[in-house]
Amino acid sequence: MDFNPAETFIQEAEDLLAEIETCALQLQEDFSSTETIHQLFRAFHTIKGSGSMFGFDAVASFTHHVETLLDQVREGQVPVSEELCSIIMESGDQIKALFKASQGGAPADAAAQAKLLARVHTLSATASAGTPGQSSGPKGAASGGETRASSSTWNIRFCPDPLMLSRGCNPELLFRDLKRLGECVIEGHTDRVPALDGLQPEHCYLWWTIRLQGETDSNKIREVFMFVEDGAQLDIEPEAALALTGAAVAEKPAAGGKAPESEARTQTPSGGAGAGNAGTVKVPAARLDRLVNLVGELVMNHSRLATAAARFSTPELAGPVEEIERLVSELRDDVLQIRMMPIGSIFGRFRRLVHDLSQQLGKEINLVTEGEETELDKSILDRLGEPLVHLLRNSIDHGIESPADREAKGKSRKGTIRLVATHRGSDVVVSIADDGKGLDTAAIRAKAVSRQIITADAALSDKEIFNLILLPGFSTAQSITSVSGRGVGMDVVKRQIDALRGSLTITSEAGRGSCMALTLPLTLAIIDGLLVECGHDQYIIPMAVVTENVELPLTDRERNNGRNLVAVRGEQIPYIDLRKIFAIQGAAPSISKIVLVRHEDQRIGLVVDRVMDTHQTVIQALGPFFRNIEVVSGSTVMGDGRVALILDVAGVVRLADNPRHRRSQGQAAEAA
Amino acid sequence: MKNKGSGYWDLTGGLDIEAAEVLKTALLDCFSEPGEIVISLAGVEHCDANGLQILIAGQRSAQALGRAFRIQQPSEAVSGLARTLGFLRDGSLFDQRQRMTEGGE
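Residue numbers (the working numbering), protein chains in the order written: chain F, 1 to 672; chain H, 1 to 105.
Chain H with its partners taken away, still in its complex shape (with noise of 0.2 Å):
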């Protein structure tokens, strides 16, 4: 995971259960810094149901700190997960309130 600068996040690779421990302490490094964290999902090879559990526990987490937390331009590899899984409802990933459109914000 790749930061771009001002809590700008670049996720490419695996999104899955080979790299979830990582990603977890990746994020957490994420909420250490200021400001609004948006991740870009549109770098992202492979998906499965681990990786999409820790963007939600991130989306969680923000929640808990009362911090803005954005995903963007999920690549197909995960919006075709979420989709299966019953996680992509009305084009949004897992949770109405976020309003991430699969072709960004």
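Isolated chain F (complex conformation) (with noise of 0.2 Å):
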């Protein structure tokens, strides 16, 4: 079997890291919140205990202490507390830390644990020097029913997941560590055990009743099992519930009975109702991409035999290449939705982020998110991170004002932030807006001005000197601070985004905010576009820009004398002829044709020599060597084998508005 349980471990490990981070900025919000306590507690033990398990011993060494620390807030000596809070952001910081030295990255600080385990000590110690039970801490909210620590006597129903003995668990230990919480009568079943001839000899189809008694709660019961209980059933109740809740409770399996034969069924080791997230898999995603790959051959290869068959007029061929065509297609959907996943992933690093960078610059900012759940591919959201971070900076450190200025604005001291996911059509927008002080066209103006991007007298709207802040270089930051300001920013989100084949709205309002709106692609792997040919080329040009086709005759470009604008129901409408721009060889037709595409709010022709078709495109990456190619953003193979480059229309802009390659183009056409 090819499974390293060290490498999923580590997976796990980040997971919960991730979950943290966000429990402790929950915490922040809540001090009384006695779950979230538990929550963290159980996050650090799995680590610790699984750190230890798996060689990490630096990480298992470090957690213990945060867990002592954390089990004190449970038993509610220590109190919850700001200090607390941030020991904890900073202990994940640090296990992440540990992990990277010990998968060959820089070493840990040293230095900064040690200064990190004094405060976590210090903190510890007030519990002594405490009354238990007196102070803020989760324990006396933990008062309810069969969470109380008090001498009493549990029913436990243990049905292991299927692969527990194959992942190294062992259930002797397990139960040797019940017992360290009261007398247990352990009792075996084996009444799911197959035949031999049926029997995997590596999974588990032993399950247990327990009856423990002893002063203990059920959350104590249930850390014991922490490491087992995925895709494990684990029933615990007290034994005056057992006997209070009747016949439901009757039927299932006292010490020493058989489960009745209903539940059995459900709960075979294979799974079933008590599986839990048992039918979760976890795939690395390089696996997942090399998946999409090999579909993607697949299609190109569907559609090269479909012309084929259809070429040699071959009836027998027929109906199975369109069947085919049909699995293929269901096989293409249901792979592609294998990668999408919620944006909410990526959004809880952001709250450690408005929280860090608002503590550094004195602000009070709330960041509230929407619509978490909203799907994208995997491979956009890799790449979203980035650019969303740095439009984040952007606003707490430029947008939101400090809370002496937004008082005096007679606003709420607390801006706020709203993160947004929704879709719109086969798009998803995300959205960042906040209430801060919003764009200041002025200052936007003046700078592009000195710059000489514009010239003084130049007439824009409020959108048009919004979109110069995604020129390179451009910032009007007073000054450059560590949070952002470098005026290198805006401009990379922006090339971020085109080559996500997104784009990105500025909004913005004095004195009430701004919002940076992306719109992006549901996925990068397949889009629907427009086949067409110049010369003995061929491009696919993405739908989703295009808007129309129109002719244009050899006579009117001659009577335009070298002016690229076409006449479209009386908008004069520029355009790139592609011939020129790639350097194609031969003569143009006698009737070229200019595709329209919508390219920010302008609409643009790209003149070619013949429209093809449509074309449902699967986009195969373009390789190392090509990848600085600005003007393609991938390739597909056509039905006839051929090759067409799939155009990236805003860097087709970008490199006609190149004043190097129109020099370049203008020699060309002397020398001509």
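Among the hints, erroneous ones may be present.
Stated by the list, open to error - Listed next, with one range per pair, are the computed distances between beta-carbon atoms: (1) F:Asp197 - H:Glu36: 17 to 23 Å; (2) H:Gln63 - F:His423: 56 to 62 Å; (3) H:Gln63 - F:Glu7: 39 to 45 Å.
Since the hints were made in silico from the structure, they are not lab data. The structure displayed is predicted, hence computed values, not measured ones. Where is the CB? At the ideal position from N, CA and C, for every residue including glycine.
Using the hints, put the two standalone chains together into the complex.
Here it is as structure tokens:
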């Protein structure tokens, strides 16, 4: 079996560290949240226990101290405080650093760790000075029924995940831990073990009922099973409750009894109702990427097969080719769906960013997130984090005013940043809106004039002025801070969004705030494209930007006298001749086609020889050698085996606007 | 696992996940011979839950085929684990119907 438990643990630890960060921020908002404290304790406990099991001794050793502190908080001996929340967050960072170090990364900062541990111990020491149960810790809140620690009897039913034993989890050690909580009567059940020929030797078919008597509570019992709870069914019930809950509970097996048939069926080791997330499989992203690429190859080869079948008019092939088309189409949709992930998976890290930066800048900011469940292809999500971080930093640094300034303007001290994801047609729109001071159009204009980007008398709309900040090196920040304002940001964000075939729209109102809206496709793996031809080359233009096609006779071109403008229903639209821009040899046809595309609220024409057809395109990434070609975002193989390049419209426009490119084109024309 | 003749098998070494697949095949081989199957666990040095399951599965197969299947002389490694995991009741392994005691028959 190709299974590396340590690798799986590292992935789980990453999830737990993200959970720790989220919980710490939640705790900061609500000191009385008992469940959050328990959640934090469990996360640290799991990291410590599994870390030790898989040889991450430094992680286990450090985490032990934080876990001890959290245990004191659980017991109500140490109160929840800002310092505690801060320690929890910094401990998460330290564990991340220790993991990186153990995987060959830079060594973790030992001095920082020592300081952090000193703070942990200082806080921990207050426990002995204080009176248990009198602090604002969560124990008082944890007084509901079964969680209360008192001498009681518990009936536990444990049906493990079928893979528990193959993961190296030993029930013997589990029961040894359980016996520490009190006197145990353990009864093993063998009724689910099949005959030899049906047995998978590594699977676990055994299950247990345990009667535990001692001064303990359900949380403590559950903690014993913490490492084996995934995919297992674990019922913990106080004996009194069993007696009171009547018939429903009576059907459950008492100690020594067998599971009723109906229940046994639903809880078989191979899954079932009690299996929880046993139906979830973690798969390395690289394997999914490979699967998507293979499906892409399959789609392209099916297209070639269909072309060949049509060319040779073989009726016997028509049926199977159609059936394969249906199957391939279903497979493609399912595989692409597997890679879809909720955008909330990257929202979590922004809470920490807002927390840290607002503290650093002395601002009070509330981050509101909406639409976390909105799904995007993982390949887009992976590349979306960086531009979103930049936009958030800008909002925090330049948008939201200091608390004093906000009060002076009659606003609440605390600013709000709203991070919202929504579906719009076949796109997803992610917006970052703040209620800060808004963009300063006068300052942007002055900067653009001083940099000779525009003339002093240029008539620009607000929208055009806002778009100036997307130009390379443009920054209106009065001083360069460590947060933002280095003047290398927004153009990079724009390019990153362009590379995702997305767009960025800026709206702003002075004194009321700004909104940056990113419109993104759901996936980068497949697009609807318009197949066009120039000379002998074929290109795909994404249909998402195509508005219409018009004809351009050669005579009209000559009449325009070198000005690349075409009149479409009274509107003068600039066009880019792909033959010229790609230096395609040979004569253009007497009537060319102009494909009109939308680019940043403007219509632009792309002149091609012929418009062939619409085409659902599986995008193949270009090799590293071609990665810097801006005008092309990928390629695809057509049914006849030819390669078509997928045009990046923003890149084509940038190339056409580039003065150096225009000069070289002029020289080429003169030479001709 | 050694065949001592007349359906008598001697299991030695590990009765655990490492040996589970091999033991499954070996036990299935036992059923290919006629007569009663007796397995001695006196030489088992190490045992885990997977190992116990193999023996239980052997019992199931025997029941299904109407064959006699006996486990005897479990070593301390086997009986200790069976006791901890709650499979040793009244001195018997796994099932009240199997009257194989720790000391043998």
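Consistency of the hints with the structure:
{"no.": "1", "hint": "F:Asp197 - H:Glu36: 17 to 23 Å", "in the structure": "holds (20 Å)"}
{"no.": "2", "hint": "H:Gln63 - F:His423: 56 to 62 Å", "in the structure": "holds (58 Å)"}
{"no.": "3", "hint": "H:Gln63 - F:Glu7: 39 to 45 Å", "in the structure": "holds (41 Å)"}
Violated hints: none; the structure is consistent with every hint.
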